[in-house]
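Residues per chain are reported as follows:
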Amino acid sequence: MQPILQVEDLHISFRGEDGDLNPVSGIDFRVHAGETLGIVGESGCGKSVTSLAIMGLLPKGIGRVSGGRILFQDKSIADMSQTDLQKLRGNEIAMIFQEPMTSLNPVYTIGEQLGEQIRLHLGLGKREARERAIEMLRMVGIPRAEEIVKEYPHQLSGGMRQRVMIAMAMSCDPKLLIADEPTTALDVTIQAQILDLMRELKEKRGTSIIFITHDLGVVAEMCDRVVVMYAGQVIEEAAVRELFQNPQHPYTKGLIASIPSLHQQQRRLNSIRGTVPHPSAMPGGCRFAPRCDYVRDECSRIPPLLGVGEGHKCRCWLVKEGGEEHRGSFAAGT
Amino acid sequence: MEALLQVRDLKKYFPVKGKWFQPTTHVKAVDGVTFSIQKGETVGLVGESGCGKSTTGRALLHLLPPTGGEVIYNGRNLTKLSTSELRVLRRELQIVFQDPYASLDPRMKIRDVLLEPLEIHGIGTKQERLKKVEEILEIVGLGGHYANRYPHEFSGGQRQRIGIARSLILRPSLIVADEPVSALDVSIQSQILNLLQDLQEQFDLTYLFISHDLSVVKHISDRVGVMYLGRLVEFAPKESLYSAPAHPYTQALLSAAPVANPDARPQRIILKGDVPNPANPPSGCAFHTRCPHVMEACKSVRPELAPVDGQGHWVACHLHQQ
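If you read the sequences in order, they're chains A and B. 208 is the number that the UniProt record's numbering gives to position 208 of the first sequence; each next residue is one higher, with no gaps. 61 is the number that the UniProt record's numbering gives to position 61 of the second sequence; each next residue is one higher, with no gaps.
These are calculated hints, taken from the structure and not from any lab test. Everything numeric in this text was worked out from a predicted model, so none of it was measured. Any given hint could be a false lead.
[Said to hold, decoys possible] In silico DSSO-like links for lysine-lysine, alpha-carbon gap of 30 angstroms or less: (1) LYS17(B) - LYS150(A); (2) LYS272(B) - LYS204(A); (3) LYS202(A) - LYS272(B); (4) LYS272(B) - LYS11(B); (5) LYS150(A) - LYS87(A); (6) LYS175(A) - LYS126(A); (7) LYS75(A) - LYS60(A); (8) LYS28(B) - LYS80(B); (9) LYS39(B) - LYS17(B); (10) LYS272(B) - LYS150(A); (11) LYS299(B) - LYS17(B); (12) LYS238(B) - LYS28(B); (13) LYS150(A) - LYS238(B); (14) LYS19(B) - LYS299(B); (15) LYS75(A) - LYS87(A).
[To be verified] Chain A is nowhere near these chain B residues, computed Cβ spacing over 12 angstroms in every case: (16) ASN77; (17) GLU128; (18) ALA183; (19) PRO258.
[Unchecked claim] Here are the computed distance ranges between Cβ atoms for each label pair: (20) PRO282(B) - THR184(A): 50 to 60 angstroms; (21) GLU92(B) - GLU310(A): 57 to 67 angstroms; (22) VAL16(B) - TYR108(A): 21 to 31 angstroms; (23) TYR13(B) - GLY34(A): 47 to 57 angstroms; (24) SER280(A) - GLU85(B): 43 to 53 angstroms.
Every residue gets a Cβ at the ideal spot worked out from N, C-alpha and C, and that includes glycine.
When you get a sec, could you build the whole thing from the sequences and use the hints?
In structure tokens form, the structure reads like this:
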């Protein structure tokens, strides 16, 4: 299958007071048509910066892609002109963010904001754009859509605002939707509604989704394939079931084990000691080594991302290519 | 077992000034909450944003003066105490806040942050206080050498350890932990939860643990209360609450939580609509506008908390009341 998005050896650097920081150093992944790819990781792992780079939205003069490339339908995003990029954003790739209130303009009505985008990208007239806006709002399950288009963002609840954002993102039928923690700010019952809606839209329209989140529960429910990031690198990639049943990297294992379960009672939670390294003080070798229980001499060198099974990759010296060799002794520790 | 803390019909209303010529109305953030906490146990309070769980925590400590009801701690009625008596008692009642970034003064060294409560309560000589500060930093897993640093030099998890140290340094018996791990990453969250459990054993602490995260509450609590729009809708030992939730809201809440297992596709109850505005809550049972089992009675009569079984499982729902 032809991937619609390819990220190859992507490096991103930010200008800092004491020299450049590299929040993303060499990540690779692909998104296929109709697939939901999850990107998981904790704060500061570089997952959100990556999505901004895909959209060509890194803050000007501060952040830049310093290496590697991003191909959308085989065209490099770096080579596109500003006008091409603008066509790409919204039409082909759309994005929804964590905090819907800060992504909506407080002084325009919902109808004006949705309509603007529809007019710009689809070239419809004012009245038609309004009709289409109402139709989109209905599609995302907003009641009284005719009245809501006349209302301002502050008049809506958090869940409603996120629905508006989704309507906006989906209004031009994008091929790829990037959802950056879309339900993190919402309550669980509202989160369930929004996830349900996203799943339904994906099935109906065949949109590919990059789902960025720190919540492994949401990943398990929404994603087909998962990329786990740690300190600016991909440390594991696998199909979702494989990842949860057969995690290979000590960090992934630690993450999965540290979630309190609703269904089992553990007396103590597994925890990963220490904290995520600061981008200005990255460990020289394996970036997870200072927190790893299985650290050994080899870990002072950066491990490669190796294939360890069908579509399963892992960046760890303990896991050998093909995956079988160390599994026994390694799994016994957890 | 004796109850360390009894909360009876606790109310906290916030006035909302009416527009011109319109009367002042009230947001009933907490509207008649009753429960008790036994010595040494952890009671969890769960609910969605705006349900009044944090306000309950603050009103029972009298950090916010309650509008009505009683809070009885160790046989003493907090509502009847004077400000100075209350201040003395505060040694035993402490709170840990959600946001470790906002709850530490950026201009104070950690040593001073931790000395302050000791000075306010006039505990020990200067030497003894400094020793206590070092001790407490060791206990929460930071090490005494951190005392000279400022809050910005710490990560979120470390700051939460400082927040815990500050509430623990007076050796309280009850700690209200208000979303103590919500701002933290998963791997750090589990460190802090383990720390809270260790401290509970070591110092014989009693916790009121407030959170929106059902699995965290399940992990740490002995009994759990579920709140919706200012009222307790269910209160039960955690085993029976999580295995046999009686209130339709609890059922929906539990089914909505994502499960970190791709093969578990739980039967999901998806609630329609949003939480109603707390300034103008629905009549009768406040949940009736979203309830899948709504009946006529629910629209007009407010159900009271009543026992479901003899095992301390209480629910406020007409489905369970004959």
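Tested hints:
1. Between the alpha carbons of LYS17(B) and LYS150(A) the distance comes to roughly 27 angstroms, so the proposed pair stays at or under 30 angstroms and holds.
2. With a C-alpha separation of about 21 angstroms, the suggested pairing of LYS272(B) with LYS204(A) holds against the 30 angstroms cut-off.
3. Of the pairs offered as hints, the one joining LYS202(A) and LYS272(B) holds, with about 21 angstroms between alpha carbons and a cut-off of 30 angstroms not exceeded.
4. At roughly 28 angstroms between alpha-carbon atoms, LYS272(B) and LYS11(B) fall within 30 angstroms of each other, so this suggested pair holds.
5. Restraint check: the Cα-Cα separation between LYS150(A) and LYS87(A) comes to about 27 angstroms, which is no more than 30 angstroms; the hinted pair holds.
6. A distance of roughly 25 angstroms separates the Cα atoms of LYS175(A) and LYS126(A); the hinted pair therefore holds under the 30 angstroms criterion.
7. Our distance criterion of 30 angstroms between C-alpha atoms is met by LYS75(A) and LYS60(A), whose separation comes to about 22 angstroms.
8. Between LYS28(B) and LYS80(B) the CA atoms are separated by roughly 22 angstroms; this keeps the pair inside 30 angstroms, and the hint holds.
9. Between LYS39(B) and LYS17(B) the alpha-carbon distance is near 41 angstroms, which puts this suggested pair outside the 30 angstroms criterion.
10. Between the alpha carbons of LYS272(B) and LYS150(A) the distance comes to roughly 23 angstroms, so the proposed pair stays at or under 30 angstroms and holds.
11. Of the pairs offered as hints, the one joining LYS299(B) and LYS17(B) holds, with about 28 angstroms between alpha carbons and a cut-off of 30 angstroms not exceeded.
12. Of the supplied pair hints, the one linking LYS238(B) and LYS28(B) holds, its CA atoms being roughly 27 angstroms apart against a limit of 30 angstroms.
13. Using a Cα cut-off of 30 angstroms, the hinted pair LYS150(A) and LYS238(B) is violated, with the two alpha carbons roughly 46 angstroms apart.
14. Using a Cα cut-off of 30 angstroms, the hinted pair LYS19(B) and LYS299(B) holds, with the two alpha carbons roughly 29 angstroms apart.
15. Annotation: proposed proximity of LYS75(A) to LYS87(A) holds, straight-line Cα distance about 14 angstroms (limit 30 angstroms).
16. Every CB of chain A is more than 12 angstroms from the CB of ASN77(B) (nearest about 35 angstroms), matching its label as outside the interface.
17. Listed as a non-interface residue, GLU128(B) keeps its Cβ farther than 12 angstroms from every Cβ of chain A; the least gap is roughly 32 angstroms.
18. With a least CB separation of 10 angstroms from chain A, ALA183(B) falls inside the 12 angstroms interface cut-off, contrary to its annotation.
19. A beta-carbon of chain A comes within 12 angstroms of the beta-carbon of PRO258(B); the shortest separation is about 3 angstroms.
20. At about 28 angstroms, the CB distance of PRO282(B) to THR184(A) disagrees with the hint of 50 to 60 angstroms.
21. Checked against the given bound of 57 to 67 angstroms, the beta carbons of GLU92(B) and GLU310(A), roughly 59 angstroms apart, stay inside it.
22. The hint said 21 to 31 angstroms for the Cβ distance between VAL16(B) and TYR108(A), and at roughly 27 angstroms that hint holds.
23. Hint check: TYR13(B) to GLY34(A), Cβ distance near 52 angstroms, so the stated range 47 to 57 angstroms holds.
24. Separation of SER280(A) from GLU85(B) is about 51 angstroms and conforms to the stated range, judged on CB atoms against 43 to 53 angstroms.
When each numbered hint is compared with the structure, violations occur for hints 9, 13, 18, 19, 20.
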